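The chain contents come next:
Protein chains: 2
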Amino acid sequence: MDKLTVLKVGGAITLNKLLLDKFLNNITKIKGKKILVHGGGRELDLFLNKNNHPIKMLNGRRITDKKTLDYALMIYAGKVNKEIVAKLQSLKINSLGLCGADANSVLCKLRTKKELDYGYVGDIVSINSVFFKLILENHIMPVCSSITYDKDGLLLNTNADTIASEISCNMSRMYKTELWYCFEEKGVYQDDNKTKIINKLDMATFKSLKSKGIISKGMIPKVSNCFNGLKNGVSKILIGSLDAIIENETYTEIIP
Amino acid sequence: MDKLTVLKVGGAITLNKLLLDKFLNNITKIKGKKILVHGGGRELDLFLNKNNHPIKMLNGRRITDKKTLDYALMIYAGKVNKEIVAKLQSLKINSLGLCGADANSVLCKLRTKKELDYGYVGDIVSINSVFFKLILENHIMPVCSSITYDKDGLLLNTNADTIASEISCNMSRMYKTELWYCFEEKGVYQDDNKTKIINKLDMATFKSLKSKGIISKGMIPKVSNCFNGLKNGVSKILIGSLDAIIENETYTEIIP
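These protein sequence lines map, in sequence, to chains A and B.
Numbering (this note's numbering) for the first sequence: 167 to 422.
Numbering (this note's numbering) for the second sequence: 167 to 422.
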């Protein structure tokens, strides 16, 4: 099987032009087929603040009202997505920006409102792996924003970590797939003071660090997504800075 | 050769959910392969007004400063494009939203600043007809927003009428291509009081009506694009309401 690397990039990188340019330059050094997944939460927060619209979070996930969805659509699928694609083109990586509605690439359903109402948030129903394969085999790199949709044409916000994990699981039937969660830190810390990175994180350690509150907020669903990926065919899952991963310095590998 | 219909939809339709839904429903009635091109100028104007940013026009074309470009990116390539794609998916038309940077579909260069400075505006260098064909042959309808880019990765604003015309010219080597400019009117009027539609508009009539000021503003580059299309292989060019064209009522056909 051919190799495929699914990269997810965090909002602190996409917000900062210097960091983003460095990240995208690093992508040119990765051999084989690649898919990039991004959100743009930090930029959305700035935009919401500027427009005096409240930012609502719950357990590390955003509550998306209609206005927040509209802004997310504009920033994730419009500004951030197209700026990444244009930059990649200038680096000679032929890329294609997508939201989940494009070519039915990521179909979702509106999250059921139980005790918690996350608003216009989608849970993934299916990944169009046939389309992703078509694009990859034509030497084009998909760049997926974290906007999805449901079968009735309702656009939805979906956690980018989860999209990256689900795409990885689905594509692992066709490619030897690695999933790299890239952000501004070197990996998952094993202490509150952020002095030491965990090199190999297994489920038992995760549970222990979660109960101590050392792994918290957005890191909890991120690491949960990793374990989900490992159970579903993804061959390797890394969390850290793309610099470090490429240069084989410190990063966190998730192991069963 | 297979038939291809390139549709361009105007901003007064994309701004109005009822008109847009009707327009997209009508698309399901058109047989054969289709490409849709849209801008979103009216929605951009509303957004600029809301954000106290001046709207600048010259000869029916927008002057795009950096902030206007950012907003155009968000509205054309983000909000309008993805809302159209999601709606088409719900109508069982598999579609793919694009800006020019996506898969290098529409490559431009920054317009030279001579006596007039249009700002971040791109003139078309090339259309990636191989990519469009790949998508069409896989039964997916491209939906092109009027955001393009240059080889250095600079995103640019480009007239949607011109994009539709250039795509039509390029695709006419592979498909029997028709170009339909769809908007809220039934066609091009032959008098200032908008009482009578011109059924067949040739170059001589165009020049005469332009000199009298009856064809003016944005209609001038639109019709100019039509004559350019006719000279470059497009088999039929229509201007009017999609309702009327489909039902074969009054519309304007451009003839040499």
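It should be emphasised that the hints constitute simulated quantities derived from the structure, not laboratory data.
Quantities reported herein were computed from a predicted structural model and do not represent experimental measurements.
Any given hint might turn out to be false.
Which copy is meant is left open, so a pair is good if it fits within one copy or across any two.
[Stated by the list, open to error] With a straight-line cut-off of 27 Å between C-alpha atoms, the simulated DSSO-like cross-links for lysine-lysine are:
| hint | residue 1 | residue 2 |
| --- | --- | --- |
| 1 | 280 | 195 |
| 2 | 183 | 383 |
| 3 | 183 | 197 |
| 4 | 275 | 258 |
Consistency of the hints with the structure:
1. For the homomeric pair residue 280 and residue 195, neither the shortest alpha-carbon distance inside one copy (45 Å) nor that between copies (40 Å) is at most 27 Å.
2. For the homomeric pair residue 183 and residue 383, the shortest alpha-carbon distance inside one copy (26 Å) is at most 27 Å, but the shortest distance between copies (38 Å) is not.
3. For a Cα distance limit of 27 Å, the shortest separation of residue 183 from residue 197 inside one copy, 24 Å, qualifies, whereas the shortest one across copies, 45 Å, does not.
4. When the C-alpha separation of residue 275 and residue 258 is checked against a cutoff of 27 Å, the pair qualifies only between copies, where the shortest distance is 17 Å, while the shortest distance within a copy is 36 Å.
Violated hint: 1 only; the structure is consistent with all others.
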